[in-house]
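2 protein chains.
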Amino acid sequence: MPAPMRKMQPLALTDVRIADAFWAPRIQVNRTVTIPREYELCKSTGRIDALKLQWKPGLPDRPHQFYDSDVAKWIEAASYSLATHPEAELDKLLDEVIALIASCQRPDGYLNSYFTCVDPDKRWTNLRDMHELYCAGHLIEAAVAHFQATGKRSLLDVLCRYADHIDSVFGVEEGKKRGYCGHEEVELALVKLYRATGNERYLRLAKYFIDERGRQPHYFDVEAQARGEDPKKHRAADYRYFQAHLPVREQAEVVGHAVRAMYLYSGMADVAAETGDQTLLMACRRLWGDTTKHKLYVTGAVGARHHGEAFGEAFELPNESAYAETCANIALAFFAHRMLQLEADAKYADVMERAMYNGVLSGVGADGRKFFYVNPLASAGGHHRQDWFGCACCPPNIARLLASVGMYVYSASESAAYVHLYVGGQAKAHVAGKTVALTQETNYPWDGDVRITVRPEAPAKFDLMLRVPGWCRKHKLTLNGEPVKAPVVKGYARIRRTWNDGDAVELSMSMPVERVSAHPSVADDIGRVALQRGPIVYCLEQCDNKAPVRAVLLPDRARLRARFDRRLLGGCVVVEGGALAVSPAGCGGELYCDAGCLTTKRVRIKAIPYFLWDNRKPGAMTVWIPRA
Amino acid sequence: MPAPMRKMQPLALTDVRIADAFWAPRIQVNRTVTIPREYELCKSTGRIDALKLQWKPGLPDRPHQFYDSDVAKWIEAASYSLATHPEAELDKLLDEVIALIASCQRPDGYLNSYFTCVDPDKRWTNLRDMHELYCAGHLIEAAVAHFQATGKRSLLDVLCRYADHIDSVFGVEEGKKRGYCGHEEVELALVKLYRATGNERYLRLAKYFIDERGRQPHYFDVEAQARGEDPKKHRAADYRYFQAHLPVREQAEVVGHAVRAMYLYSGMADVAAETGDQTLLMACRRLWGDTTKHKLYVTGAVGARHHGEAFGEAFELPNESAYAETCANIALAFFAHRMLQLEADAKYADVMERAMYNGVLSGVGADGRKFFYVNPLASAGGHHRQDWFGCACCPPNIARLLASVGMYVYSASESAAYVHLYVGGQAKAHVAGKTVALTQETNYPWDGDVRITVRPEAPAKFDLMLRVPGWCRKHKLTLNGEPVKAPVVKGYARIRRTWNDGDAVELSMSMPVERVSAHPSVADDIGRVALQRGPIVYCLEQCDNKAPVRAVLLPDRARLRARFDRRLLGGCVVVEGGALAVSPAGCGGELYCDAGCLTTKRVRIKAIPYFLWDNRKPGAMTVWIPRA
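Chains U and G are the protein sequences, given in the same order. Everything in the first sequence is counted per the numbering used here, starting at 4 for the first residue and increasing by one. Everything in the second sequence is counted per the numbering used here, starting at 4 for the first residue and increasing by one.
Careful, some of the hints might be misleading.
[Said to hold, decoys possible] Computed Cβ-Cβ distance ranges for the label pairs, DEER-style:
#, chain 1, residue 1, chain 2, residue 2, range
1, U, Val225, G, His387, 31 to 37 Å
2, U, Thr282, G, Asp132, 50 to 56 Å
3, U, Lys235, G, His387, 22 to 28 Å
4, U, Val492, G, Cys394, 57 to 63 Å
5, U, Lys549, G, Arg20, 37 to 43 Å
6, U, Val492, G, Lys620, 43 to 49 Å
7, U, Val492, G, Glu316, 31 to 37 Å
8, G, Pro558, U, Gly574, 53 to 59 Å
9, U, Thr17, G, Asp132, 46 to 52 Å
10, G, Glu203, U, Asp233, 34 to 40 Å
11, G, Asp132, U, Leu62, 27 to 33 Å
12, U, His221, G, Asp98, 51 to 57 Å
13, U, Ser47, G, Lys350, 54 to 60 Å
14, U, Arg65, G, Asp132, 24 to 30 Å
[Claimed, not checked] Listed next, the in silico BS3-like pairs over lysine-lysine satisfying Cα-Cα at most 25 Å (straight line):
#, chain 1, residue 1, chain 2, residue 2
15, G, Lys296, U, Lys604
16, U, Lys549, G, Lys296
17, U, Lys296, G, Lys59
18, G, Lys59, U, Lys236
19, G, Lys296, U, Lys296
20, U, Lys464, U, Lys437
Bear in mind the hints are in silico, worked out from the structure with no lab data behind them. Please read these numbers as outputs of a predicted model, since none were measured by experiment. Quick reminder that beta carbons are idealized off the backbone N, C-alpha and C, glycines included.
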């Protein structure tokens, strides 16, 4: 394999300690409420017990082909949590679940509770639909996370054996199946396994799955025919749904099921990073461009359509009917994070931040107990978080993201330390051959002042790269209290010097309330603005507003004021001001009337961070507000 | 039965001759293109041949349970056409198809090609899902239409036997099934059969189906259990989808599948009309109110949701994702027409007109060859009329509506002649014991001037009731050239006098271009206007406009001018003026930008009647235009 080409690497989760007023309390709720609760739900819904392989035809609660992946994501979340917050009881519980998983493994290494128990003769006969490699991928991610958190090889060894088995089944070599999964995931997981073990077999296997995808003769056709089915009768017969309509390097357009797409592109970026494959990198750049220029919600959400949980056409971004699955938004952050390491360009961090602070965080309620699967940007009042889902991908996905936020904050290269996100706490980076401690103090995202103290183990010359967010139009930087020259290179203010113990940098980002417009090709947002302050996108929620929030018009000149409300949902900045509301009085109770009869009245509005909506009294909500 | 209570009756189709520039050419296309073509499609898709009962298990093209209804609606359309435009060949073709239908009838009177051929043991075992009585209803409507057009009893007698059979199977009497159809239709059909034959048995049966609906124990539960199924596992387990969640007199909210709902309410109005049932009339009024005050598109379309082809919540009227099925819009016109006869209130005619001139007519292309099933109020450019549909309810439905437009124009009572719609041509009414010929001369809907000449066989005293449309804010009336006093009573200008041969009334309705607003609770229309002139709702279609039509903003003061374009799609009034379009230039290619960066430019816009869109180059379309 050629040399890897990523420009930097994220800091290990264990090297980052988050201690701030924004993420730390959310990580705590995740650790103390969400993770235990999701274990209980995996248990009570049969997901854990499915691993006992005791189900028999005729018994109720037949295991489902997704179950392993839900348990795996829970293990991954719990492992990340253990990495930053050791807990003996959780450690023990993980050991128990891992023992169950290990007991599931067949002598040949195969490991899937559904097929082993329910359909043992159907192994690897329907990669298109049955999520078999998808489940394997999540188990591998879990194994790597558990190994890195605990140093234990108990799950890692099991999954290496399974990966070895998969490698013996799939590939271009004579006698192997030339298959790949209908739901991408195993590709990025195998790169993680490669990085954790150093075994190039896993990287080659990841690359094989990526390279093979979409080739002709089409594997989904071949295996459907082998099952005696007409492949053309499948609901997604052109395979765009699976991003398998073309070889991945020929794909220029983001299509199909959004979670699958984002997991695939993440795996492509990983393989490109490790192999230096330029054609793969170019495909990633094209797909990134299509995503962010045409198919991204202002909340950092993706996948507009309910039908097929899929991307729509360019600029097809409906608000009320947005699908914007929590998993897709998380997966977009994954893709962004990987592209960021490859390209050292803050444009990736901008999208990563937009997703994490808005469309990802909205996925879980403030109490850590309820979840959005679907994240619309407007609601008539009927959309609410749920305890759990039959297809329960989102709740453990957000749990693993929250438990691993530390990984997204910094990166380091040979010669530079990067700060991508402004999150109070400490970190330990290895730069220029030295260990460098970094301390961030900030009240971000509620204000834009950040103080970073640098403590190298000995004076060290390196670049400190501080992201100047895309939303930020004015920033100031000082070093030890003095203005400092810091050219902005691909979105990062670069301070190049020999750093001494206690050097302090202060970054001050101006953070006014901004009115954002969408490209006029987004028909659903035409004549409307969204409110954003720093990375936070706002919404009007009914319980804060007397006027029906979807009848509010916002004059361009209306003054909007940001105010920190420490009592609201753990403390947040709200945006308040004057606006107009269309009154129904002129209609005389009719559905349609002469436009001249409608009148508006002055109202006060209060907007809250989008991610915090639906935590109080149920009601209507809107992100995009018509201009008066 | 108590005495009937309707206030007036529509004129018979054979008593109305349409000779104008608007409907006559459309009726001609319907007669010469659509009806022959639909026969060919019924033939080539196996709908006609299914009546031969030759299908056997193992053969391809298994007949479908809807097939009889499609053929029936074609017969109904062809019969109406024959009533106004006798054609020997069509008459003969009808005789052939009717002979086939008659040959399908079982000795006991039962008549359904699907059950007889495909599933003979399942007769009347799944009324909820299998459309058995629905097909019967359409056949009955066809039989009545054929009888009234031709005087032949060939189909009528067959359907009387079938109706007698149905009456022997269903009812409250011991030994009968207490069932009713999951898809309402037979109720209104049986009232037609009663009116055509005078046989009260059919009216009683219609009333039974209406009265029984939604009662407990619920028949759909009972029959599901008899089939060994769990009724709770049905996708529409609460039966709102079928308007069977409550007895109809307790229903206050318009819910579920829109076509079913409108057919049911039409049947309820019919039964109320014939029986004088006040509680049923009150239910009809409530359901009418909920429809028109909360759930009606400005195009006269109903049924907002794709999911379940159903009504949404109050004010849930999305534009691009509107379902607004052609059949539902037609069925709304049916309901309106019935309520109009009952209540003599022009508010019903207003909605009937809104539907007929907009959301109904949009259902068929200008060439009579392509059909909308779904009638959205905005499109990104991907929505187009189709040749036919697997579920082909809409094409023959619009054919029967167009062939019978004459029935909607006038009504007569003992003492009054009503003009509901302004359509050039002649009519013959029986009023005040006399035969009165009426001649309308008008270029409606393109202008608002109407001349009506009255020719009673002898001088006759009666009220001439001329509808003053709800959209009309200024009208003038003259009688024989002199201003005349005509109080407006429930939306009708009443001229009460003794009419002499040649008396001429001139009605002049002012018809400016109007900006219409929706009630501010319609979130999707907030800050937007629709353009309407007379009864015609306009849209911006891309092929008429340089600026992207969905990026157009319309200043309140922009002057809009109506102009008759005789070359456009057979001639129509277009609306032109100045507007603004948001330019993408300020975005710099980004999806989101500071609202201040977006600029607008002055553009000319041209709007065409909504019903005429998608007859030229495919492109985007919008009805509701944001205000600048």
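Going down the list of hints, with the structure as the test:
Val225 of chain U and His387 of chain G have their C-beta atoms about 35 Å apart, which keeps the hinted 31 to 37 Å range intact. Roughly 53 Å separates the CB atoms of Thr282 of chain U and Asp132 of chain G, a value that falls within the hinted 50 to 56 Å. Here the CB-CB span from Lys235 of chain U to His387 of chain G is close to 23 Å, well matched to the stated 22 to 28 Å. For the pair Val492 of chain U and Cys394 of chain G, the supplied restraint of 57 to 63 Å holds, since their beta-carbon distance comes to about 60 Å.
Between Lys549 of chain U and Arg20 of chain G the C-beta distance comes to about 58 Å, which lies outside the given range of 37 to 43 Å. Separated by about 48 Å at the C-beta atoms, Val492 of chain U and Lys620 of chain G satisfy the suggested range of 43 to 49 Å. As the Cβ distance of Val492 of chain U to Glu316 of chain G is approximately 52 Å, the hint placing it in 31 to 37 Å is violated. The hinted range of 53 to 59 Å is not satisfied by Pro558 of chain G and Gly574 of chain U, whose Cβ atoms lie roughly 43 Å apart.
For Thr17 of chain U and Asp132 of chain G, the hinted distance range of 46 to 52 Å is not satisfied, since their beta carbons lie about 59 Å from each other. A beta carbon spacing of about 54 Å between Glu203 of chain G and Asp233 of chain U contradicts the range 34 to 40 Å that was offered as a hint. Take Asp132 of chain G and Leu62 of chain U: their Cβ atoms lie about 30 Å apart, and the range 27 to 33 Å holds. Checked against the hint of 51 to 57 Å, the C-beta distance between His221 of chain U and Asp98 of chain G comes to roughly 53 Å, which is consistent with it.
Between Ser47 of chain U and Lys350 of chain G the beta carbon distance is about 56 Å. The supplied range of 54 to 60 Å therefore holds. Between Arg65 of chain U and Asp132 of chain G the Cβ separation comes to about 26 Å, which falls inside the hinted range of 24 to 30 Å. Annotation: proposed proximity of Lys296 of chain G to Lys604 of chain U holds, straight-line Cα distance about 23 Å (limit 25 Å). Under the criterion of a C-alpha separation no larger than 25 Å, the hint pairing Lys549 of chain U with Lys296 of chain G is consistent with the structure, at around 23 Å.
For a cut-off of 25 Å, the pair hint linking Lys296 of chain U to Lys59 of chain G is broken: about 55 Å separates their Cα positions. Annotation: proposed proximity of Lys59 of chain G to Lys236 of chain U holds, straight-line Cα distance about 23 Å (limit 25 Å). Between Lys296 of chain G and Lys296 of chain U the alpha-carbon distance is near 40 Å, which puts this suggested pair outside the 25 Å criterion. Note on Lys464 of chain U and Lys437 of chain U: the hinted pairing holds, with a Cα-Cα distance of about 9 Å set against a maximum of 25 Å.
Consistency note: the structure conflicts with the earlier hints numbered 5, 7, 8, 9, 10, 17 and 19.
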